[in-house]
Every structure is written in structure tokens, then in C-alpha cells.
Amino acid sequence: MAAELAVQDVSLRFGGIEVLQEVSFTVEPGQIFGLVGPNGAGKTSLFNCISGHYRPTAGTVRIDGTPVQGARPATLARHGLARTFQHPALQLQETVLENVLLGAHTQLPGGPLAWSVRTRRTRRAEERFRGEALALLERNGLAWAAHLPADELSHGLHKGVELCRALLMKPRLLLLDEPAAGLPHTEVENLIATVRRLRAEDDITVVIVEHHMGLIAALTDRVVVLDHGRKLMEGTAAQAQSDPRVIEAYIGKDAADDVA
Amino acid sequence: MAGARMTTAALSDRQRSWLRRAGPLLLVVVLVVVPLVFPESVNETIARIGVFAVAVLGLNVVMGYAGQVSLGQIFFLGLGAYVTAYGVSNDWNIVVVFVLACLIPAFVGLLVALAAARLGGLAIAMVTVALPIVGVPLAKRLSEFTGGSQGLSARFGDAPEWSGLYDDQWRLYLVLAIGGAVFLLTRNLVRGKYGRVLGIVKKNENVASSVGISPYRYKVLAFTLASLIGGVSGFLYMLVIQYTSPETMSFGHSIQLLAAMVIGGAASIVGSVLGGAYYVLVPQLTNLVDPSLTALLQGAVLLVVLFVLPGGLASLARPLGRGRRSRARHDPAPLITPSATTKSGSAADTPETERQGHP
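Chains as they are written, first to last, in this note's numbering: chain E, 1 to 260; chain X, 1 to 359.
Keep in mind the hints are simulated off the structure, nothing from the lab. Hints may contain errors.
As the list claims (entries may be wrong) - Negatives, chain X to chain E, calculated, CB over 12 Å: (1) GLY23; (2) SER41; (3) GLU44; (4) ILE94; (5) ALA177; (6) LEU189; (7) GLY195; (8) ASN206; (9) ALA208; (10) VAL211; (11) TYR216; (12) LEU316; (13) GLY357.
Stated by the list, open to error - The calculated label-pair distances, taken between Cβ atoms and stated as ranges, are: (14) VAL95/X x MET1/E: 48 to 54 Å; (15) VAL69/X x ALA135/E: 22 to 28 Å; (16) ALA115/X x ALA217/E: 48 to 54 Å; (17) VAL28/X x SER154/E: 41 to 47 Å.
From the three backbone atoms N, C-alpha and C, an ideal C-beta is built for every residue, glycine too.
Next up, chain E with everything else stripped away, as it sits in the complex (with noise of 0.2 Å):
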């Protein structure tokens, strides 16, 4: 059941630096919803008021009609809310699969005492994970590196790994940081062959921060575009290209930042 997110009057400010004024936009179920704008918009500061790390100074976050601001990140990730990092951080001398597997944790049962004499119970919850994760890496193209330490694997490929992290969790509403960061071009079309078949096959809403607009436009049903901690404009994603007012936040002044 995918969820409605609804982010009201975000307010976030660090000391005297206002982060976010007053941000509001609603994610309806199963929307593939984008943020967009030039580096230091807050795109990523928002998220974090979204996934628990922050706490919004003001405003409501609501997942399903239920405020969430505030909530623990762990609480959160127990309601259906995952999420990907900017910079991918995986356990580099374990291998893939074991670092996948960590997305299973709240579905795994038992305590220390169950887990330490092995019963019957763990062995068969973590044997059935393992063939979840499995089954998720073949379907993200990343089956022949289950067992190989992720160290060994590129910064692209970690990030199709977090991702497939935050998809054993099996989340309503999934939050993707910058997924197409330093992809080549090649990867940044599977990630979008990826997320297309996220939304066609699982029943889930997602939230992508972007700087990609190739990917954005490709993927996206509506774009929210945030400059300076403000919501800038809100439509679609061919929308937010042709508005002078976008055009100007990124080539106006970032244009450097964001040529790349």
C-alpha cells in the first residue's frame, strides 16, 4: 500500500541560517515525485526533515495523515519509510549480500539469546531473507556480485546495492537521494529502467532529489523545484524546465555548480 506524503509550512533553520521557509507540497500514493534545484536549495536538508534526521524548526510532515515530524529515523524506518544516502555507505568488507540484508533487520525476529544458540526460527527467517535479497539483486542486474566484498564493486554499483537495502525493507514510500550522482550514462538509463519497474510492479511512492533532469523529466510525475530554502514553483517536469524562473535559479547564478 503506498503512502501519501504531505510536507506542510517545513520551516528549518541552523543557528541564524534559514535552511527552509515554509516548504508544502503533497506526494499523492504511488507518484514518482521529484525535487529539483541548484546545489544548497536544501533539497537534501528537506529530506532529512522527511526521514526522521532532522527536525523541522516548523511546519508538519504527515505520512499517510499521521505527523511524523520529529519521529526517530528507526521509528519511521518501522512505518514504511526508507531511504538512500548522497554517499552510499556500505559495510566495504562484507559482501553485497550481507549489506542488503541489513534492510531485513525489523523483519527479522527473535532477540540476542534466539540468535546466539541459532533456533530454528532465525536460521529459517535469515535463510528466507537471503532468498529476498537475492531475488532483489537478479532483478536490479547485480546477482554476480552478491558474494563478493563491496569494496570490490564500483561507486555506482553501491549505489544500485543501497538501493536494493532499501527495497528489502519494503517500504511505502521510498526516499532517493541524488540516486544518478556520478553515474556514467549508461547506469543513469538503468537506474531509470529500475525505478520505472519500481512503480510498475511494486505498490510504492517515491521521492527522488536530483540534479539529473534528464532523469527527472523521464521519470517524474510532478516536480517540486526549491532555491534558497523556498519552494520556487510546483507542476511537472517539462513545466519546471520551460519556467523562467527556474531557468534563472540554475543559470543564473549556480551556473557553475551545475553545468556537471
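We have chain E already, so just place chain X on it with the hints.
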């Protein structure tokens, strides 16, 4: 390139599955035979290695696996030893004594962790530094329970008549059985669900919380488990050494325990055994060389190991399990320790006749 890597992985897979089947059996056979073949002094040395291997294992849970700096592990060994000594000298049932020697340190560890884990990084280290520093004068002061500076002696675990074993053999069996069980349970725990949790809490708390893990909870859990395992090592300490004093839990010993963990190998089960061996054997060996240079030589050993093997001695065994460290099972430590001890054992020739027990 990728193909070549796959084939080597497949080959070592086959070797590994062979090790997986034969390894544990071989280990059990060695552990059963070892106490029977060596003289008393060697058995006692192996038993002491077992005691400190368990203590290092506890430290590894909180520091090696969960990444929380703890400088107070020796306090829990001392606490377990005092509880054991007190219980034994009051003629309590030994099973009750064992359970208390586990639970009391675990409970104290839990209380400390509930407060300390709220503080970040170095603050935890500072709180744990306080444990041995407070523990030593406290043990001196509470002389009603601890015997003050004199300490407490307690003798238990003599060989029962039906066993036909010497006392040192029986005690070594007890150490191997209890220590082995703790190692097995901990090994299981640090794989699978909890191994992944501790690993990610160590590496990146934001990622941990994003998959539904409360870092605080698992830091407290790791610290409590380390304290419990420390308590077990304290029980074994009393079994083997039969005497404890405030000096047992001095801060210097805590630092040596930390050095032993790093040298053995952080976040490694095998490394904990090697660390225990280091803790017991290296001071003996440096004493043999020149007693006045003991501390200096130990420092030199520490530096050499860290320069040559930053991952500790356990990294020597790692190439076999590369990439699957979490499932590699070879456990060469017990095979190494007896042969390493024979030298020091034969030097101190205890006459066979003084050996106590019921052979």
C-alpha cells in the same frame, strides 16, 4: 578479470566447505585431548589464556564489533571474580555463583551503558575509564565483601573422584567448556542479524537508523553483553587463579587487555583467542629475556605487530576467508597456543608428584 576472480572464489569455496565440516570436529578433538597430554604448568598457562581470551572477547563485542571505545572491561572481570570469590567462600551453590557472576556484572554494565551510550564517542571512553579507577579503591574500601587490600582467596573446581583427573586437568576442561560455550554463542551472535546491526552502528549511525535500528539500543546491548562476558571471565579467573585483589582490576590491566584485543585482531573471534594468548604469554616471554625490560619489550611487540599487521594477528588467517570473513571458520588458535607454551612450561619444571587430583 571478473571470470578469474569467480573461479578462485569457487575454489576457495570448496576448501572452505571442507574446513567447515572437518574444522569444528578437529577443534573439539584437540580441546578434549589437550588437557590430558601436557604437564601441570602448561595446563595452567592454557587455562589462563582461556580466561583472558574470554575477557578479550567481551571487549571485542563492544569495541571491535560495535565500535564503542571501552577502557573499563577489566572492571567487569574483577567484579565477576569478586562475586565468585564471595559466593564460594560463603559456600553458595556453584551454579548460583556462576549465574550471579554473569548477571551482576551484566546489570552494572547495563546501568553504566544506559547513561554512557547517550554521550557520543569519546565521552563513552571517559566514562569507562572511570570504572577501574573507581573500582580499585572501592574494592579496598568494601573490605567486608572484598577482603580489602588483602583480597580474597577461594578454591573450587577440584577434580571429582570419579573423573580420575588431576585438578589442573579438570579445571582446564571447565575453562575450555565454559569458555568454548561463550565463544560459540558469541560467534553465532556476531553473524546474522546482530552482527550486521553492530557493524552498521560502528560504521554509520545515520544508515543504521534509516533501516530501523536505534543505535542507542544496540550500543547498550553491546556494552551489556561485554560486561556479562567480562563477568564470565571473572568466574573463570577465580577458578584458575583462585585469588583476587583490587589489583586485578587496575587500569593498567585494562589497557593491556585493550592492547591484547588490538594485537589479536579487532572484530575477530579468532583474534580474541590470539589476544588472550598475547595477554598471558608475552609478559612471560619478555620476562624470560630480561625482567627489567618487560614493559619496554611489550611495547616493542605492540608496535611491531601494529606496523606489520594493522589488522592484528587474526589478519594472518584472513586471506582464506577473504570477503566472507563472517563465515570463515578455521580456528587455528588452540593448535598454536600449546606449542607456544611448551617452552615456558618446561622451564618451570613442577614435579609430577605434587600434582593434585584423582588420577
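(request) Give me the numbers of the hints this structure contradicts, sorted from smallest to largest. (result) When the structure is compared with the hints, numbers 6, 7, 8, 9, 10, 11 and 15 turn out to be violated.
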